[in-house]
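**Student:** Here are the chains, one letter per residue:
Protein chains: 2
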Amino acid sequence: MLNFEFQVPTQVFFGEGAEKEVGQRVKEFGGHKALIHFGSRHSKQSGLIDRIAGYLHKEGIETVELGGVQPNPRLGLVYKGIELCRREEVDFILAVGGGSVIDSAKAIALGVPYEGDVWDFFTRKQKVERLLPLGAVVTMPAAGSEVAVGSVITNEDGMQKIPLNNRKMRPLFAVLDPLLTLSLPPYQTACGIADIMSHVMENYFSRTQNTELGDRLCEACMKTLIHNGRIVMEHPGDLAARSEIMWAASLAQAGLLCTGRQGDWASHDIENELSAVYDVAHGAGLAVVFPGWMKYVFEADIRVFVRFATRVWNLDPSQFSDERALALAGIERLSDFFTQLGLPSTLAQLGIPEDIIKDQLEMLAERAVKNGGTGQFMKLYKEDVLHILKNCAG
Amino acid sequence: MLNFEFQVPTQVFFGEGAEKEVGQRVKEFGGHKALIHFGSRHSKQSGLIDRIAGYLHKEGIETVELGGVQPNPRLGLVYKGIELCRREEVDFILAVGGGSVIDSAKAIALGVPYEGDVWDFFTRKQKVERLLPLGAVVTMPAAGSEVAVGSVITNEDGMQKIPLNNRKMRPLFAVLDPLLTLSLPPYQTACGIADIMSHVMENYFSRTQNTELGDRLCEACMKTLIHNGRIVMEHPGDLAARSEIMWAASLAQAGLLCTGRQGDWASHDIENELSAVYDVAHGAGLAVVFPGWMKYVFEADIRVFVRFATRVWNLDPSQFSDERALALAGIERLSDFFTQLGLPSTLAQLGIPEDIIKDQLEMLAERAVKNGGTGQFMKLYKEDVLHILKNCAG
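Chains A and B, in that order, give the protein sequences. Going by this note's numbering, the letters in the first sequence line up with residues 1 to 394, in that order. Going by this note's numbering, the letters in the second sequence line up with residues 1 to 394, in that order.
Hints should not be assumed to be uniformly reliable.
According to the in silico footprint, chain B covers these stretches of chain A (three or more CB under 8 Å from chain B) [what the hints assert, rightly or not]:
| hint | stretch |
| --- | --- |
| 1 | 194-206 |
| 2 | 214-225 |
| 3 | 238-248 |
| 4 | 256-263 |
Keeping only pairs whose Cα atoms sit at most 27 Å apart, straight-line, the calculated DSSO-like set for lysine-lysine is [what the hints assert, rightly or not]:
| hint | chain 1 | residue 1 | chain 2 | residue 2 |
| --- | --- | --- | --- | --- |
| 5 | B | K27 | A | K127 |
| 6 | A | K27 | B | K127 |
| 7 | B | K27 | B | K58 |
Here are the computed distance ranges between Cβ atoms for each label pair [said to hold, decoys possible]:
| hint | chain 1 | residue 1 | chain 2 | residue 2 | range |
| --- | --- | --- | --- | --- | --- |
| 8 | A | V128 | B | Y79 | 53 to 63 Å |
| 9 | A | K33 | B | N314 | 30 to 40 Å |
| 10 | A | R303 | B | Y114 | 53 to 63 Å |
| 11 | B | Y187 | A | R303 | 52 to 62 Å |
Simulated from the structure, these hints should not be mistaken for lab results. C-beta: ideal position from N, C-alpha, C; glycine also.
Whole structure, please, built from the sequences with the hints as guidance.
**Tutor:** See below:
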């Protein structure tokens, strides 16, 4: 086990009807005028944003609204939010949405009290010091941004997608009301599950020795996701299954599963380039890239993949000729699971035209290793990433 | 799943050598003069307390010391600590020890800024408002008090042992350095493991429906404890195993395993009376009481006990005549595990003389249900507790 620090400072309020208390939460944390930041038109049309505004007004908190956050949230809207908050003298940011909305809200909260360009934080020109107080109402369990230290913003100028991690960027509170997830369309539900699974697997596939408790906590999350993922695809209205997925999404990013171990984020790095360039859904991209990454790296420490196959997928070692076959069967189960969720398994299925793929794989591989290689389970360079991408092509 | 709130505000610093940074931690949290509160003479004689004082002095923090905390920490010493802190104008409490020391430190931190009698908080005459800042260096993984909301203090006047839970009572930081646990004697190590297992099981044995993630997180902790518990009994110097146990102890009490479910603390309630009256080691008492409680209540919802038998103890249902036999075999495995750790399995083995047991079981049972029954998995009244205690007698 490696030395580590652990804390979950974000106050999580989980459960049916938790949305109704959001006004009190904002008040408790000192908000007088809040920006309600959201994404899809659906949030507005469904009446959710008006309900949230109502809860705040009831507590005497004024509101302004800014919608329109897209998946892979854009810097342009962040600038717009910062300007709006300054003009309206907003003192609290309330994100209502999934990871993209919360990430966008974090960037706005970071930018309001800073005189320069908020992009400076993402390009590491400036250190994170202070954010406007920030809370989140989660509508899509996936990124776990509501308890996480990070924000990933895409600069439209060159489609650069850059993550920024700082513990000060955690929301003060997160409202997790599973009722809000009942109306999520199947594809978004599936993308969310793939994203959560990936977050768990990024911690699980570690070369650190003596990490039994961490391994088992990851397995607990994965088994729960697999079981309940299958249930919600068949019964989208199953609140119990939606609840399990929602809690798993937050726990996967709360800093618990990474304690004492070095994870591997190569798949995320590769997918981030895919979604930056082609603007594909992050979870769908991960469903393509993760099994590809696994097949390329598993022999670097096959024991971890054998454990994955036996403990997560309950495969019986005696049914396989050797560890290699067993490990590959575990990876195959994961691919099958993503397919059952209705997710793509190749770049082509992801909607990227074949001729484009051929021409641009080199460029993608180069971008994924722009910081001098990626990955910890196995360090990957351009040729490695190119190999993985070619295998994912379709 | 039930609605819940979750937060781990305590900053955990885990790892080899973490003790060395305790001076910086106290400084970061604003301490100028600290009470170092500890228990056994061993802490002092081993040089640990002097080392800790040295780390604080290096950061310009003055120290005063108060040792002598006993298992089942006493109100008398708490009073002494409060007086000392006031006289010496202490502004930070640093607990160095296990659960008893940390519980005692919490009570002192609670009492210093309060004008009345600190026992008022335990008797619910007074609401918890404010504590002196408090940190902990853990030397015995067991109670998890370093991240928990509670303190249990024994009033020597009538040997009343009363728990007090309030989220304000969580330490600001917890230093978990597994090196400090290497010298723990086998019996204390075993008692710690039984205590941790009990904390997990108190959450696990729940009648709440649809708690898959929570169930699996509990199972992850139990399997880790069983595996590493056996290792440390054979190889007390195994740092990796000590580390797993230490992290499990904190996680078991961090508020994670109880999310969304109603646990059952009847075993703890019953054991608390045992250790209040006979001053036995808490973990040893639990090793006796918990299996006894299980055998009495398991049929109230046998599915939970079947899950325990199959998932935690890997028992194969096809090897048992029915669910009842399978459930009982799981309980038997737990008893065997406690025996392997060298823990008692009867009240007699716990060192309570047989004639005393006979005379006093009624009194104990009465005390355990003094708040009108105990338990949630199955509500227990005096006759039930008496039955359990009789079965534990030996």
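**Student:** For every hint, state whether the structure bears it out.
**Tutor:** How the hints compare with the structure:
no.: 1; hint: 194-206; result: violated (count 0)
no.: 2; hint: 214-225; result: holds (count 7)
no.: 3; hint: 238-248; result: holds (count 5)
no.: 4; hint: 256-263; result: holds (count 3)
no.: 5; hint: B:K27 x A:K127; result: holds (23 Å)
no.: 6; hint: A:K27 x B:K127; result: holds (23 Å)
no.: 7; hint: B:K27 x B:K58; result: holds (10 Å)
no.: 8; hint: A:V128 x B:Y79: 53 to 63 Å; result: violated (45 Å)
no.: 9; hint: A:K33 x B:N314: 30 to 40 Å; result: violated (57 Å)
no.: 10; hint: A:R303 x B:Y114: 53 to 63 Å; result: holds (55 Å)
no.: 11; hint: B:Y187 x A:R303: 52 to 62 Å; result: violated (35 Å)
Consistency with the previously given hints fails for numbers 1, 8, 9 and 11, ordered from lowest to highest.
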